[in-house]
Amino acid sequence: MEIARNILYGLSVVVQPVNLLWLTFGCIMGSIVGMLPGIGPATGIALLLPMTFVLKPAAALIMMCAIYYGAMFGGSRCSILLNIPGDASSVVSCFDGYPMTLKGQAEAALAISALASFIGQMAAALAAMVAALPITRFALRFGPPEYFTLMVCALAATTSLAQDSLLKGFISLMLGLMITTIGIDLQSGVQRFVFGIPELQMGIEFVVVIIGLYAVTEILENYKTLSSTGDTPMQTKFGRIWVSKEQWRRSIGPILRQTPIGFLIGILPGTGGTIATMMAYNNEKQISKHPEEFGKGAIEGLAAPEAANNSCSIGAILPMITLGVPGSGTAAIMLGALMIAGLQPGPLLFQHHPEIAWGIIASMFVGAIVCLIVNLPLAGLLVRLLAIPPRIMYPLILAISFLGVYTAGFSTVDLYLLTIFGLLGYFMRKHEIPSAPLILAVVIGSPLEQSFRQSLMLSDGSLRIFARSGISVTLLALAVGSVVFPFASAWLRKRRQQPTAVSH
Amino acid sequence: MRQLLRLSHRACRIIGYFDPGGAKMSGDFTVGALAVLIGVAYSVQALRLPRAMIGNPWAPTYFPLGIGVIMTILGAALCLRNLHRRKPAEQAENQATQAHDKPAVDKEFPRLALCTIGLCILYAMIFSRLGFIVSTLLFLGAMLFLVNGKRGWLANILVSVVFTFGTWLTFERLLMIHLP
Numbered sequence: 001m002e003i004a005r006n007i008l009y010g011l012s013v014v015v016q017p018v019n020l021l022w023l024t025f026g027c028i029m030g031s032i033v034g035m036l037p038g039i040g041p042a043t044g045i046a047l048l049l050p051m052t053f054v055l056k057p058a059a060a061l062i063m064m065c066a067i068y069y070g071a072m073f074g075g076s077r078c079s080i081l082l083n084i085p086g087d088a089s090s091v092v093s094c095f096d097g098y099p100m101t102l103k104g105q106a107e108a109a110l111a112i113s114a115l116a117s118f119i120g121q122m123a124a125a126l127a128a129m130v131a132a133l134p135i136t137r138f139a140l141r142f143g144p145p146e147y148f149t150l151m152v153c154a155l156a157a158t159t160s161l162a163q164d165s166l167l168k169g170f171i172s173l174m175l176g177l178m179i180t181t182i183g184i185d186l187q188s189g190v191q192r193f194v195f196g197i198p199e200l201q202m203g204i205e206f207v208v209v210i211i212g213l214y215a216v217t218e219i220l221e222n223y224k225t226l227s228s229t230g231d232t233p234m235q236t237k238f239g240r241i242w243v244s245k246e247q248w249r250r251s252i253g254p255i256l257r258q259t260p261i262g263f264l265i266g267i268l269p270g271t272g273g274t275i276a277t278m279m280a281y282n283n284e285k286q287i288s289k290h291p292e293e294f295g296k297g298a299i300e301g302l303a304a305p306e307a308a309n310n311s312c313s314i315g316a317i318l319p320m321i322t323l324g325v326p327g328s329g330t331a332a333i334m335l336g337a338l339m340i341a342g343l344q345p346g347p348l349l350f351q352h353h354p355e356i357a358w359g360i361i362a363s364m365f366v367g368a369i370v371c372l373i374v375n376l377p378l379a380g381l382l383v384r385l386l387a388i389p390p391r392i393m394y395p396l397i398l399a400i401s402f403l404g405v406y407t408a409g410f411s412t413v414d415l416y417l418l419t420i421f422g423l424l425g426y427f428m429r430k431h432e433i434p435s436a437p438l439i440l441a442v443v444i445g446s447p448l449e450q451s452f453r454q455s456l457m458l459s460d461g462s463l464r465i466f467a468r469s470g471i472s473v474t475l476l477a478l479a480v481g482s483v484v485f486p487f488a489s490a491w492l493r494k495r496r497q498q499p500t501a502v503s504h
Numbered sequence: 001m002r003q004l005l006r007l008s009h010r011a012c013r014i015i016g017y018f019d020p021g022g023a024k025m026s027g028d029f030t031v032g033a034l035a036v037l038i039g040v041a042y043s044v045q046a047l048r049l050p051r052a053m054i055g056n057p058w059a060p061t062y063f064p065l066g067i068g069v070i071m072t073i074l075g076a077a078l079c080l081r082n083l084h085r086r087k088p089a090e091q092a093e094n095q096a097t098q099a100h101d102k103p104a105v106d107k108e109f110p111r112l113a114l115c116t117i118g119l120c121i122l123y124a125m126i127f128s129r130l131g132f133i134v135s136t137l138l139f140l141g142a143m144l145f146l147v148n149g150k151r152g153w154l155a156n157i158l159v160s161v162v163f164t165f166g167t168w169l170t171f172e173r174l175l176m177i178h179l180p
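Residue numbers (my numbering), protein chains in the order written: chain A, 1 to 504; chain B, 1 to 180.
Don't take each hint at face value.
Derived DMTMM-like pairs: lysine to aspartate or glutamate, alpha-carbon spacing no greater than 20 Å straight-line [as the list claims (entries may be wrong)]:
1) A:K430 x B:D106
2) A:K224 x B:D106
3) B:K107 x B:E172
4) A:K430 x B:E172
Hints are computed from structural coordinates only; laboratory data are not their basis.
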C-alpha cells in the first residue's frame, strides 16, 4: 500500500506539464546522442548535463534520467543500421541487428529493439520500485564508518571487476581521488593543491572532468578512423517500423528471460551493460533450438541483449539513489548531476526530498513510454541524423563541450582544464588505463574523505571503528574479496595445471 | 646482487598473478614510472600542506598522503611487473592480437589531433577577451576548416554562424545565462 501511495506521488510529480515537457525533451535528446556513432550514453549525458543546470532540481533530475533512458534506447540504432556500436554495451546488438538490416529487415530490427528495451525497462522499474524502500530502510542504519566502507567496496569492485589490468585500474582510481583533494578542505578550511590559482579553490568541477575525459577524448579517438567513417551507405527509407506476429512470438521469451538477469547485473557495482548484454546473448544462444542462426540475423539475438541492457541501466540507478553510491561510470555521472542540484543521494533523499526520489522512480515508467513513442513511430525520422557527416559533427560536439563547461562554472580556467583532461583521457586510452574508476573517484572522492574523517573523529583517531559493526566488516570483506577473487582463482587454476613446477 | 634480482623476479611473478593484463603493452613501464613520479610529488606536496588551525592539525593531510603513498606503490608494482618480460612467444602473441584488434590509424590523425588541441587552447585564451560570439565563430570555423576541409567551405561557414548565433540567442534570451 505504501509503495502504491509513493509511486502515485512520484507519478504526480512527473506528469506535471513542465516536468513532462522536460522528460520528453530529454528522451528525444538522449535518443539522438545515444544514436550518434562513437558517442555513447556516458558521453551523451556528460554533454547534455550543463543543459539541466538552469532547471529546478526535480525537473533537472527527471530530464537527466530521461536522457539516460533515451540514450539506452537509441544506443543500438547505429549498431543495427551501420554496424558501428555507439558504445560498448551495444556491441552485441551488431551481431544480429546488422545482419537483419542486410536481409532487408531493418524495420523489424528497429522495432524489436525498441520493444525489448521498453519491456526490459518497465519490468526493471517495477523491481526498482519494490526494492527501493527496503534498501533505504536498511541504509538508514549506516553511520560514517559504514558509508566509508560501502564506498570503498564500490570503488574496489568497480575497479577490479571487468578490468583487464588491476594495477592500472587502481592507478586511475588514485588519480581521480587526487583530483578531488584539490581546493579548500571543507572541514578545516585549509587550501590544498591550489598552486596559487584562485579558481581552483572551489575544487575542479566534475563536469569538466567527465566532458574532457569522455567527449574530448572521444573526438580525438574518432579522428583515427575519420577517413573511413561515413563510408557505409545507410538505409534512410523505411516501411512501417513494426514486427510480425511470428517475430514477436520468437522474441518475447528471450526478452522476459534476460530482463531479470540484466537487472541483477546492473545492481552489482562494476558490472555494466557490456557484461549484461554479452550474458543475455550467450544465454539465449545456448538454450536456443537454432543456435546456428545467431549472428546471421536471428531476432532473438537482438531482443535479448536489448532487454537486458535497459533493465541493467535501471538496476544501476537503484544503488545510486538509495545508497548514494554509484556502480558504474554512467551512474556516477547521474550522481554528480544530483549533487550539482544540491542534493545528497542516499536513504535521506527519500525522507527529505520524496518528490525527487519517487519522481525519479516514476520517471522510469513514464520515460519508457515516451522513449517507445520516440523510437517507434519517429524512428525513421530520427535515424536521418545519422547521415550528418562526422566531419561536421565532431567540431560541433567540441564547441558544445566548451559551452557546457563554461556555463557549469563561468570560469575560463575550466576551458584550459577541459583540454588538459581531454589529453589525459587520450593518454589513458592509449595505455589502456580504464577511465571509469577515475570518474567514480572524482564523484565520490570528497564524501569518501569526509566520512573517513568523521569516523576517525567519532573514534578519536582509532582505525578500529571500521571493524566495529557487522555491516562495515562485511563490506570490507567484499571489497577485499572482489579484488582478490578473480586472481586467486586464476592462480589456483595455474597451480593445478603445472603441479610439478618447482620454485627455483 | 643476484639475490636481489631473484627477489624482484619473484615479486614480479606474484604481482603477475594479481594482474595478468598488466604486461600487455610496451608502454606500461612508462605508465608505472609516471605513476611513481606523480605519487611521490603528490605525497611531498601533501606533507607540505598547511596544518589545520582547528582540530587535529594533521587532519587535512592524512587522506592525500595515503593516496600519494598508494599511488607510488601501485606505480612501482607496475614497473616491476614489466621489468621481467614474459616469454617472447607469449609476448609476440599478445602483440599479434593487439595488431589485429586495432583498426589502422589515419595518416592525418597526428596533424588533426595536434591542431585541435592547439585550437582548444587558443579558444580558452580568447574566450573572455573577445567574447563568446567572436571567439566561437573563429574556433568553430577553424575547426571545421581543419576537419571538414576547404572544399566544404560553404557548409563550414553556415554551420559556424548558425551554431554561434543559435546558442547565443538560446542562452542569452531563453535561458537568461550571460555569456561574455
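- Item | Violations among the numbered hints, reported as their numbers in ascending order | 3 and 4
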